[in-house]
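Asker: With chain R's structure known, arrange chain L on it following the hints.
Each chain, written out:
There are 2 protein chains.
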Amino acid sequence: MSDDVQGAVPLPPPEGYQPLDWTRGFGRAIGPLYRRTAAGGTTTGFRVEGHHTNGLQNTHGGMLMTLADMAWGNVVSYERSVFWVTVRLVCDFLEPAKIGEWVEGGGVVMSEDNGLYVVQGRLWAGERTLMVGSGVFKALGPREPRPGEKNYVEGVKA
Amino acid sequence: MSDDVQGAVPLPPPEGYQPLDWTRGFGRAIGPLYRRTAAGGTTTGFRVEGHHTNGLQNTHGGMLMTLADMAWGNVVSYERSVFWVTVRLVCDFLEPAKIGEWVEGGGVVMSEDNGLYVVQGRLWAGERTLMVGSGVFKALGPREPRPGEKNYVEGVKA
Numbered sequence: 014m015s016d017d018v019q020g021a022v023p024l025p026p027p028e029g030y031q032p033l034d035w036t037r038g039f040g041r042a043i044g045p046l047y048r049r050t051a052a053g054g055t056t057t058g059f060r061v062e063g064h065h066t067n068g069l070q071n072t073h074g075g076m077l078m079t080l081a082d083m084a085w086g087n088v089v090s091y092e093r094s095v096f097w098v099t100v101r102l103v104c105d106f107l108e109p110a111k112i113g114e115w116v117e118g119g120g121v122v123m124s125e126d127n128g129l130y131v132v133q134g135r136l137w138a139g140e141r142t143l144m145v146g147s148g149v150f151k152a153l154g155p156r157e158p159r160p161g162e163k164n165y166v167e168g169v170k171a
Numbered sequence: 014m015s016d017d018v019q020g021a022v023p024l025p026p027p028e029g030y031q032p033l034d035w036t037r038g039f040g041r042a043i044g045p046l047y048r049r050t051a052a053g054g055t056t057t058g059f060r061v062e063g064h065h066t067n068g069l070q071n072t073h074g075g076m077l078m079t080l081a082d083m084a085w086g087n088v089v090s091y092e093r094s095v096f097w098v099t100v101r102l103v104c105d106f107l108e109p110a111k112i113g114e115w116v117e118g119g120g121v122v123m124s125e126d127n128g129l130y131v132v133q134g135r136l137w138a139g140e141r142t143l144m145v146g147s148g149v150f151k152a153l154g155p156r157e158p159r160p161g162e163k164n165y166v167e168g169v170k171a
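Chains as they are written, first to last, in this note's numbering: chain R, 14 to 171; chain L, 14 to 171.
So that you can see chain R by itself, here it is in the shape it has in the complex (with noise of 0.2 Å):
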């Protein structure tokens, strides 16, 4: 018996969640995180775990941020194939989540100006909505598509 609940193997991803692929820096740090695409769009998510908490073992919310920057800024990625970086982020938190849920989160381009776009983006963990927000990211230049973004043609790249 024990309460040590960081010592536990979580829980799997939701269905068509893959691991992204990061096995070193920040993302190493934080993770795993995992990402779904699929033709309705793109959302990326991570269990909680004991390394993602604060003092009162909700997600801290440099988290949550982080999920932001990486799932609003994917939707980017997905839509327009560019490589990008994040000029604003505007988070409100709603809630917090707690060890074990699921977070995942995505958002919609509204806006594409002159090399920026704007996403409007939310967090989710089931029927919660932990925050909204908006992101602000700038293109840095057009790259070949990924299986799964919006503009991949299975075989035109090997």
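Some hints here could point you the wrong way.
Okay, derived cross-link-like pairs now, DSS-like style, lysine-lysine, Cα gap no bigger than 25 Å in a straight line [stated by the list, open to error]:
no., chain 1, residue 1, chain 2, residue 2
1, L, K163, L, K151
2, L, K111, R, K151
3, R, K151, R, K163
4, R, K111, L, K151
The set of hints was computed from the structure by calculation and includes no laboratory data. This one's a predicted model, so the numbers in the text were calculated from it and none came from an experiment.
Answerer: Only chain L this time, still in chain R's reference frame:
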């Protein structure tokens, strides 16, 4: 000879900075963080290591936002000795920082209304401003002033 900078021992923090006593959760995963509180105010900072970086070997946006949350929110702790939660954070990304740089942040309480504090904040590395923005923090209730906080009186609480 090696280019494995992630294995190198980081430089110590600047004079007066003390490590945050945060040995678990998200703070441990993304730490170590340091704080310096003096008569003039309070700043929070970290030395950029490999586990703070993105694929470009710059500080990841999520790490900078985490520091913004903690550095700007701590201004409320310093000024008012209250428990608080983050309600909103607005972050404008101006520049990233590189491995080895000392990054720090602080801010000013601009308004206080009905338990909501608005802090105007900044993150910087030496002379370079990395981020400007603002945070809205909601007071959860008062607590005893801690050493270094504005309202702390030596010897009143042992």
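Asker: Could you tell me which of the numbered hints above are not met by this structure, giving the numbers in increasing order?
Answerer: Violated hints: none at all, because every hint is consistent with the structure.
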